[in-house]
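K.L.:
Chain by chain, the residues run as shown.
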Amino acid sequence: MEVLTQVHEKNLVAWAKDRPEVVVFSGDLTGSTEIGLFKKHYPDRFFSLGMAEQNMMSFAGGMARDGYTPFVHTFAVFMYRRALDQIEMSIAYPNLRVRMFGFLPGILTPGGVSHQAINDVGVLRTLPNMTILETGDATDVESVLDVAQAVDGPVYVRMVRKDIPRLFPAAEPMQLGRSRILSRGTDIALVSAGICTEEALRATALLGAKGVSISHIHVTTHKPFDDPALAQQLACVKRGVITMENHTTVGGLGTEVAEMMAEHGIGIPLTRLGLRDTYAHGASREYLMKEYGLDAISLVHATERVLDQRFNINEEDLAGVRLSQFSGEMQLEAL
Amino acid sequence: MSSSTQTEAWVDRATRVARGIRRRALQLTIEKNGCYLSQALSSADILAVLYTKVLNIGPSRAPLKPPPFAGVPRPGLHHLGADYNGPRAPQYDRLLLSAAHYAVAVYAALVETGRLAPEALADFNADGSSVEMIGAEHSPGMELTTGSFGQALSQAGGVALARRLKQESGKVWVFMSDGECEEGQTWEAVQALAHHKLDNVGVYIDVNGQQVDGLTSEVMNIEPLADRFTAFGATVVTVDGHDIEALERAARTRHAGTPLVILCYTNTACGVELLEERKPNLHYVRFKSEAEINRYRDYLREM
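Chains as they are written, first to last, in our numbering: chain A, 1 to 335; chain B, 1 to 303.
Some hints here could point you the wrong way.
[As the list claims (entries may be wrong)] Calculated pairs, EDC-like style, for lysine to aspartate or glutamate (alpha carbon to alpha carbon, straight line, at most 20 Å): (1) Lys197(B) to Asp18(A); (2) Lys166(B) to Glu172(A); (3) Lys166(B) to Asp18(A); (4) Lys53(B) to Glu248(B); (5) Lys53(B) to Asp243(B).
Hints listed in this document are in silico derivations from the structure and should not be mistaken for laboratory results.
Taking the hints into account, I'd like the entire structure generated from these sequences.
P.N.:
Here it is as structure tokens:
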């Protein structure tokens with residue numbers, strides 16, 4: 001598995017080259033949100049707004065009204081929590097072309113509760129006009145800018161950064177409202193998003209070897225959530241649906257899938273893996289994924305419950321299928 | 001015409017416009033059984049000066065009689081609010097209303113300056129009308145959606161930054177209420193305007209010293225405003241908000257490299273002195289009895 005680093009940092013510079021309407025806003029997190037290279041290449045299109053996120057979001061709305069497309073970069077929590085009313089009144093209601101890049105989704109930071117965006121999708125999904133995207137690999141990160149920029153309205157992007165795997169072919173870009181179907185099966189539909197997809201892939205190979213037939217779907221568009229191909233996959237499995245998200249199970253992917261199943265009259269059990277209506281705390285990604293049941297073994301156990309079978313898969317078996325070798329710096333990464 | 005005669009002419013006009021704003025706001029308060037009257041009384045002179053002299057804007061591009069509410073913003077739907085302030089062009093100023101509760105005063109100013117038909121006010125706060133009580137960007141004279149306070153100054157910063165990048169000469173004027181100085185975002189905004197040296201922004205603040213619960217000095221003190229804005233990097237001018245010529249002179253203050261803040265100290269009962277008896281609870285004026293309504297009706301006849 002290829003692991004790439006600073007994908008957004010490099011991609012944004014190349015992508016923005018011939019797009020003079022694109023300006024970048026930084027909330028004092030230039031290095032942490034991978035826009036240092038943009039600042040270096042296009043200093044006239046880079047604006048430091050400091051630690052004042054309410055102002056930054058409204059400022060972005062104002063600039064979008066006059067023909068520019070602000071790409072606002074900061075940690076997700078400082079946007080959707082700290083400046084929600086500004087996002088609603090200055091950006092979402094007027095349906096303005098502002099792109100919000102929310103970093104540190106879910107438990108992807110040892111920074112603890114203040115830095116972990118565990119309910120951003122749930123909160124922002126209730127905003128009319130808002131499009132919500134999530135990245136899970138290098139190909140998603142490279143292609144999300146095109147997807148976002150084609151939307152005539154505000155877009156929120158859950159971003160992954162630093163060392164990220166390439167799970168999907170570089171030639172198969174993210175598409176708005178279209179999931180990636182990674183495997184087709186008849187027992188279980190597994191719907192994952194963001195970093196959970198890589199984790200799920202560690203388990204699906206072993207489960208497949210045990211005879212479980214899995215439809216695995218990677219979701220990149222949380223809103224609008226109406227991919228007919230996804231609905232079709234949910235409708236054609238017999239035993240159950242499992243969702244796996246780096247987010248609370250309230251309002252995010254699990255809820256989206258529940259709504260879709262209800263609207264399509266798909267009456268099979270739904271198991272939602274994610275943070276179960278709880279805040280998290282500061283620790284490493286691997287530790288937190290295990291603690292909150294977002295890891296491969298949790299998926300194995302959920303599958304066992306759904307199928308009422310035991311597969312005798314243990315942590316050691318899963319350790320053999322670690323897809324990415326992350327650098328030891330992950331846990332120590334600067335905020 | 002000599003320059004002094006010209007001055008007299010516009011001052012007379014501004015004075016007439018201000019008086020008209022007050023009269024129309026009082027009339028609506030009586031007819032509609034309630035209105036943001038005190039805000040219109042405190043700001044009438046400021047808005048009159050903006051619309052008759054300070055703003056460099058073109059003629060209205062919107063219908064004299066506003067169409068009904070056409071829906072919330074969406075691709076393909078053009079909202080008319082800003083069109084009442086003329087076309088967007090590089091050389092023209094923009095007026096961004098921060099305190100949307102002042103809608104009635106803006107509507108009345110538009111009527112008094114020929115940008116809106118007097119009949120449009122009959123639709124004030126009527127179901128399905130775009131002439132809403134607290135308007136949004138579909139409402140005459142409003143470019144932004146600002147009923148949630150303290151957001152327009154930041155948005156003005158974004159507009160001003162864009163206009164600077166496009167090398168447009170027009171200025172961005174913001175009309176704010178003093179209560180908004182209690183919002184933290186206001187200070188974030190001034191900080192950012194000063195940091196980015198956005199000297200194409202000018203702000204008129206109606207310092208009427210009054211908010212929903214009563215006097216600002218008792219609810220949440222905001223003074224000393226001039227010192228605060230100065231400390232945050234703005235050029236500050238303090239004026240009597242009912243002195244037409246002083247209000248205009250303030251707009252010509254040199255403020256290279258900094259935003260301009262004009263603190264207009266005003267009286268919420270100015271022009272309708274009967275209201276003094278109701279102070280300080282003047283946020284939303286609704287007359288309570290037939291006798292009270294009749295007293296104000298008599299007062300209106302004399303205005």
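K.L.:
Hints first: check each against the structure and report whether it holds.
P.N.:
Hint check results:
no. : hint                   : verdict
1   : Lys197(B) to Asp18(A)  : violated (27 Å)
2   : Lys166(B) to Glu172(A) : violated (37 Å)
3   : Lys166(B) to Asp18(A)  : holds (17 Å)
4   : Lys53(B) to Glu248(B)  : holds (7 Å)
5   : Lys53(B) to Asp243(B)  : holds (14 Å)
Consistency note: the structure conflicts with the earlier hints numbered 1, 2.
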